[in-house]
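Single-letter residue listing:
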Amino acid sequence: MGLFNETIKDLEAYIQKKEDKGKIRIIKHDDYEDWPSSNTSNIILKEDIGVELGNPEMASDSFMVWTEDLESLEKIRSGMITLVGPDLVESWGKSLPFAQILVLKGHFEDEYECYRRLINIERDIDLDGYMFRAVPQRRRIWSRVSKEALEKGFSLGNIGKTLIDKFKKEDSVDAVGVIFVTSTTKDVKELEDISNRVQRRVGAMNKMVEEMSFDCNSCEYSDVCDEVRDLRKIRRKLQETEVRVTRNG
Amino acid sequence: MGDRRRGEIIAVCGKGGVGKTAITAMMTKLLVGRGDLKILAIDADPAVGLASALGVEVKKTINDIRDDLIDTVKEGKRGDKYEMAAMLDYEVFKALEEGSNFAFLAIGRPESAGCYCQVNSLLKEVIESLSKSFDVVLIDGEAGIEQINRRVMRSVDDLLLISDTSAKGINVVSSIKRLVENEKAVECERMGLVINRARNKEEVDEIVANSSLNLLEWVPEDDMVREYDFNGKPIIDLSDTSPSIIAARRILKTLGMLA
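Note that the protein sequences, when read in sequence, are chains G and E. Residues 1 to 249 in this note's numbering are what the first sequence spells out, letter by letter. Residues 1001 to 1259 in this note's numbering are what the second sequence spells out, letter by letter.
You can trust all of the hints, since none of them are fake.
The list that follows gives simulated cross-link-like pairs (lysine-lysine, DSS-like), each with its CA atoms no further than 25 Å apart:
id, chain 1, residue 1, chain 2, residue 2
1, E, K1132, G, K147
2, G, K46, E, K1060
3, E, K1059, E, K1124
4, G, K46, E, K1124
5, E, K1094, E, K1060
6, E, K1094, G, K46
7, E, K1081, G, K207
8, G, K189, G, K21
9, E, K1094, G, K186
10, G, K207, G, K237
11, G, K186, G, K17
12, G, K189, G, K17
13, G, K94, G, K152
14, G, K147, E, K1038
15, G, K147, E, K1094
16, E, K1233, G, K46
17, E, K1233, E, K1038
18, E, K1038, E, K1132
19, G, K152, E, K1038
20, G, K189, E, K1094
Chain G stretches covered by chain E per the calculated footprint, using a threshold of three residues with CB under 8 Å from any CB of chain E:
id, segment
21, 43-50
22, 133-144
To be clear, the hints were calculated from the coordinates, so they are not data collected in a lab. Just so you know, even glycine gets a beta-carbon here, dropped at the ideal spot from N, CA and C.
Produce the entire structure from the sequences given, and follow the hints as far as they go.
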């Protein structure tokens, strides 16, 4: 399936642009040890914050894309964490803009079912000294890292490693790449166009499946379906299923 | 807190004007003063008096979040239950006013007309889930105890029935006690009376002798509290030697929250 192949190419172009400017660092996920999960309360109040990422007053973006095309993901660097901007330890006491992007490679026969499952994995991250709130439909992620965790060396690498390990446990996922942007508001905002397109595609897919709505004349996503062949495939598949169910009574 | 488990929830209720907010603020001050606990203070009284008692400014209430979400639902941008829950979780955290070792959340005025059960129920789930991240949750309620159940929390550990020495105040807490015992208006492990602004122990004993209420503690009349109220100063700044702070300390000792 290639619901996001075109957006992944744009993401690669974004990374290339930052790389040309010497703004990126690549971290290997297996260079990091497992970070312990929080056994008790993981609330981080203002006075305990070591670094804050994507505060509601700052730029923030978060999305996930997937592909069955290995070549696409290799360019994003499977199993690697791409960091655009400073890591946490270099940002003591700061509030930074933040983007978290996940690129998955695998086999996703039912894209909707996969999306539901994968989005829950992304939310299910529990690391000691790391607290986050995320709103997928607004593509916002707001994280806090405690002073104590920073003192112990907590890094974006730990978050990336945890995400990669968790996703790789999924049968449908073969490879994962993670991108973090902490550099500037401008760098995060540059992702907005890609992120909007991802959300429109996910929105169109969700609407088709959840509402079984195929009236293209009244649908706010008709332009997206016209543009993305894989969405039209999902629609045809759903329509065929509906016809079969109707015929069989 | 000794051997007590984390996430103790204390709700305070009683007739309007008996000093619920002042007592909640004093308990917040003392628990924050321990330095090893994270406290969540929830103002469930539509008058939102706890904010000024704690010296915080309310920018957004739970009711504002609820109204925003209902507008989104009306526009057809609802999303599924998980998406709504994620959005509420984010917005509720954003609405927290954070102080040193404590956070404050205002529920706001009762909701406007219209049945949005799913939104209300999700909001309650989000508040309950957030509460689990704190060591102690203090809820400043209103006279209608069922409002705590409907808008904040299904169950609490300790329910403090606050009354002054007036017959009206005692009648209201007696009704609350009956509602809790007979109709499970809110589930609680322990419930006790706190008499506020009493002249002396004899006055307290007389009130308790004529009621079926179980006395937990009493708080004496305190000119300092009166002065702070009069001048609009935050109760949280009261001196540790104030008679009412000393009494609030006794309440928390009785609850096992202070040594």
